[in-house]
Each structure stands twice: as structure tokens, then as C-alpha cells.
Amino acid sequence: AINNKNNSLIMRKIVIYVCGLFMVLAAFACVQKDNVNLEWKKEGQGIWKISVGKQEKVTLLSELDITPQWKAIEEIGDAPLAIDPKDVKTEVVDGKTYIRFPLDKDEKIFGLGLNFKTVEQRGRVMRLHVDHYGGSDNGRTHAPIPFFVSSKGYGALINSARYIDVWVGTSVRQDSSNPPVAKDRNTDKDWTAQPYSDNLEFLIPAEGAEVIVFSGKTMLDVVRRYNLYNGGGCLPPKWGLGFWHRVPSLFTDTEIEREVQEFRDKGFPLNVVGLEPGWMTASYPCTYEWDNTRFPNPQAFTKKMKESNIQTNLWMNPYISPKGELYDRIKPYTSSHTVWCGIVPDYMMSEAQRILIDHFKKHQLNLGVSGYKMDENDGYDSWLWPDVASFPSGTSAEQMRQIYGSLMQKVTTQMYKDENKRTYGLVRAANAGTTSFPYVIYNDYYNHHDFITALVNSSFIGVLWTPEVRASRTSEEWLRRMQTVCFSPLAMLNAWADGTKPWTFPEVAESVKAISLLRMQLIPYLYTAFADYTFKGTPPVRAMNLEEGYNMDEKMLQVSFDATNNPYALAIKKEVKDQFMVGNSLLVAPLFEGEKERKVILPKGKWYDFYTGEFAGEGEIISVSPGLDKIPVYVKDGGIVPMFPPIRQIDNKQYPLEVRHYGNAPGIYDLYDDDGETFNYQKGEFVRIVLTVDVDASNNKMGKASIPGGKNVWSYSDYIFRYMTK
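FYI, in the working numbering the residues of the sequence shown are 1 to 726.
Keep in mind the hints are simulated off the structure, nothing from the lab. It should be emphasised that the depicted structure is a prediction, and the values quoted were computed from it without experimental measurement. Using N, Cα and C, we set each Cβ at its ideal position, and we do this for glycine too. The hints are all genuine.
Derived DSSO-like pairs: lysine-lysine, alpha-carbon spacing no greater than 30 Å straight-line: (1) 49 x 108; (2) 726 x 701; (3) 362 x 331; (4) 86 x 217; (5) 57 x 331; (6) 421 x 653; (7) 361 x 417; (8) 599 x 152; (9) 71 x 42.
With beta-carbon atoms standing in for the labels, derived distance ranges: (10) 55 x 170: 27 to 33 Å; (11) 382 x 74: 47 to 53 Å; (12) 255 x 170: 51 to 57 Å.
Between the sequences and the hints, there should be enough to build the whole structure, so can you do that?
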């Protein structure tokens, strides 16, 4: 009996030991140190791919059928990696992936989503999560793209469709090679609540992730390489760069026709009419079918619009009403949860895509509709599907939320491409990989200053953003908003709720007309900027930080101690986020309501006033007071700006081109032209007209337009050079 008891105790000890050993081994197994064997696979010139842990099937890029533009990437030229691969640390712990990049003392980090208040992201903590923007740069935004650009000359995309946590120079590690010095708050005036941090850390709630690293001689080269890897930027139809007007929600075809006529009578530009939810038999949720009381003959309506050079853009959201013919067909391919009592189609499934496309073609594309405004595919949590929802494709609700807007863009873009028609539209949600899709992000947030910050930030992450105009308190605000929207990727007045029109404030109506017509005049310049986005990856609207010769550092402004509002005396970042570049040569510096003057930071080199051609400054900060009628715009020395006459609409006619030259340096400009409507440019059916201005020793200027032999020209009948600087 004693021996049996001893044997039993021994066996129990052995079992406990073995179990303990297994627990240790299991714990060790769940911590995967990847650094020793981390493989950096070179994908192309200046592009590397890293695989960490177990890769997920669904990523931000995996479902979008993207083809990198390898030839254009090679033309940028190779660039060495600006960081030592050994300094990038990765591990997988408890089913989560950790990735850490080093940060130098003065290194700046840009990107990490469509932020509305901050440009330089160092010192921030965020969870990158598709959502309606709620007024705080906390990572919840319409395009929470996990791509950052470093001032050292590299960038990285965390290619995971998960909610990603990121600490941008805020976390301090014990093993830091540059640890901060501990200070005593009681005695040291330099004590800070946010000590120096030398790392950028990501947490991905998955057992693995893919990282794609891009290098470049400049930050702009990094961004260009990233955009080209994602297929290159979109090239909208020419009409998409004209002026847009969205009519009140319940307007009928007759009321819209009357509104279009009013634009014509008053001489205001108009190329696109946007129809809001009332065009459908039901919305919130939607049928995607025309309401025959308001639109008894939609095909005749769209045809009449096109005969007036007006394109029709339709509002929609993703949620399908039981009242329409689509409901029963799509229901087997929808989520476990509804939104506004509408079923949620699983855009991951090819069968669901086919059913949706058939419906869209039948009720919209085949009737002459030119594109969509895709609303409500971003948030809020209280009405969007929850993370416990399931989808028949097996894609998790979290991943679906991160890529839903991207999938909608892909499906509708391909639908138009199959018809060899370009489209241009609006969307509320995007993520990495949507650079080539012809959609511009918008939202309901309405802070004018923050709109411009978002415009700046969009250039770091491969998306487009529009600071649309809806309403204003005063005529001054109305005009200032109109001035900025006319220098954005999509110029739009959205009158869906209150019926505003460009001439709503009579005292500034002529000034609004002038800036709207200037937008139309600049279309040759803007269209070329978009062609450079497509073929070279250069953002058409971009941050000053991406401009050569710009060297204005953001500063930290120390704030005094406040026991209630700022008990840790946290410093505030002073950033330059209210001016930006458009195309190769234009610097735009908006004013806001109440401002009579402002400071403008001019990069290195000489800069000239766009309106007069007069010298404005050289690598300096200037103060300007342009008056209410003008938005400050400057052109770099030697800059060439091709312009249409002040036309109301884009049509298929040829127009004489005014070629403006600024400064006294010689200039060269590759003007782009094609048919403006189809994808034939991808077959080589386009032309680059070389505009040059030579300057001799006596400052005499001679302009020339060179058209390659045998090439067609669609838009220009003559080239009239105008030398703005005397």
C-alpha cells in the first residue's frame, strides 16, 4: 500500500512536471521571434516585402486586383534602404503581431490615415479603424491607411485588414539605444509628460502580417513609388474636373432641368449634376431603382442632360431595401446583421458582385448614368454592422469594415471599365490599394481649416479628398470655401439639404463665378497633373513637405501648466497645414473667414504671383493681403500653366490654349491630352505636347509647342504664349 502511494505521488509529480513543461513550450511557441530569420524580399526597385508570422488570406490589397506599374517604378530609379533591416523588430505574441521601426532624433513621420488636424504624426497614439471622422485624429477616419512616410526617405505599408494600433514615437522601451533621462517633476522645469521615444510600434490583432517597404531619394519619390505599386493614380474623365452641383434630395426631373437652365442663364459653370436619395423608390435602405413619380423616364432625363453636356451622378448607400427587385436575389449573399433594416451584401463574393453589377447596369449604367456617390460605408458603430456579425464569404466583420469601401470602388470601377467608359465619383470609405480607383473622399464634418489639413494629408496616403461646399454663415465664408474647393481634386457644391446655389450670396456672386470659371480654365493644367498621378504616381494636390526646397520645420509650443485643463503642461505642435501644391508649379495658400492677411512660406527659388506675374519672394516667409476676391496662388520660376478660355463646360470641342509662363528662367511642360472619356489611353492613344519657353541673355522669351508626329490632339486648336513676368 505504501509503495502504491509513493508511486502515485511520483506519477503526479511527473504529470505536473510534464504539464509545466508543455506550458512553457506553449508559451515559447506563441512568442515567435522573427528578426533572426526575417526575410526582406526585394519586389522591385526600391520596394521590399517582409512576411511576419502566419499570413492572413484577406489583406488590404488581396481583393483589389491591383497591377503595380513596374516600368514607371523603374523610371524613378533605384534607391537604397534608409534604415538597417536589423533595426526593424517583429514578433508574434499571443496571436498578435508586433512590428517596431526605429526613429532618429529629428525624424518626422507623415501619413497614417486621412487626418484632419495634424500633418506630422510623431507623438501620436492611434487605432487605425474605418469610421466617420468624429473631430479627433485618433485613427478613426474614412481612410485609416496604415502607411507612413519618414523624412529619412522611406515608407512602409502594414498590409493587414485589421484594426491596427500604432504608437508614433510615444512608447519608451527599456532596451532603447537612446533612452530618455529621468527627471524630477518637483525640481526640473524640463520635465515632460511625454519623454523622448526612439521607436514607431504597430500592433496587429492577427498571427501575422505583411509589410511592404518603399525607399526613395526624397519623400515624394517614396509616395510616388507607393502610388505606382498600387496601380498608379486615377485618371478621371475630363468632365469630372469641371464644376459639380448636387441638388436637393427630393428634386424631380423637371426641377433639375430648371436648375440646370438657371446655371446656364447666369453663366455659371456646370458639368455634373448629383442626385441625392430621392431619386430612388426607397433609400435608407436602398432599392437602386428610379422613383417613377419624380423620374417617369430616367433614360430620357439622362439623355437630355448629356445633350446639355451635363453628366448624372447618383447617390447610394450599400444597404438593400426589401421593397426592391434586388432583395431576394442578393439575400443569400448578405451579412447576418442589417443596417437601417437593409441587408448588407457581401462584396467579397463573386456571385454577389455579379448580381449587383447586373442590377446597376440595368437601372443606371445602361440608362446613361455617369457614376456614383457611395455614402455610409464608413460608420458609425451604432448603426453599422457590429464586429460580431458574420458574412457568407467567411470574411470577419472587422476585416470587412476595413475594406468595404475599397471593394465597392473596385466593383463599380470595373463595371464602367468593361464598357470602356471612365467614371468619377465620391465615397466615404477607402483604404490602401484604392489609389487607381476614380473616387474622391468626402464627409459630413464641416470645419474649413481642417478640410485643408485633410487635403494636405491625402497626398501622403494615395487617396483624393474634396473640401466640398454645403452652406455658410456669411458671404465671406461662402467665397472663401468656394475658392478652396476650386483648387481641390473635385470641385463641388452640395445643396442636397438646403438648396444653396453659387449665387446664394448676391454680394459675392460675381467673385464666385470668377473662381469657378478659373477652375474651368485650369483644366488643361489639372488634367496633366492627374496624368502625372496615373503615369508617374505624383499626387495632383500635395503637401508642402513633399515639395523640393521646402524646409519649414514644425515646432512644439510649450503651454503653461493648468491644473484643470492641462495638468501635465503638454506642448502643442505648431504645424504648417494651410497651404499646398497643385500640379508641378502652383502653390495655393487659402484664407479663411475673418482673415485679412496671412503668412505664406515660399520654398527655395523664386516665386511669382499667379494673377500678375510679379515677383513674390524667394525661399522666405511673406505676408499677403489679397483682398476678398482672390485666393493667394504663386508659381515657381520658369513655371508654365496652360489654360482654357473661361468656358462653362467641358465638351468635345477644341479650344485655343493660353500658355502662361512665369519668372525669367526657361521652362518646359509636358501637356497631356487624350479623348477624355475612354480607357484607350492605356493602349497608347494619348499625346504629350511639349511646351517650352527659352530665355536669351537679354531676357527675351520665345515659346514653342511641339506635337509628336502622327499623334492626335483632341482638345487644343492653338497655343498662345503669354509671358506674365516682364
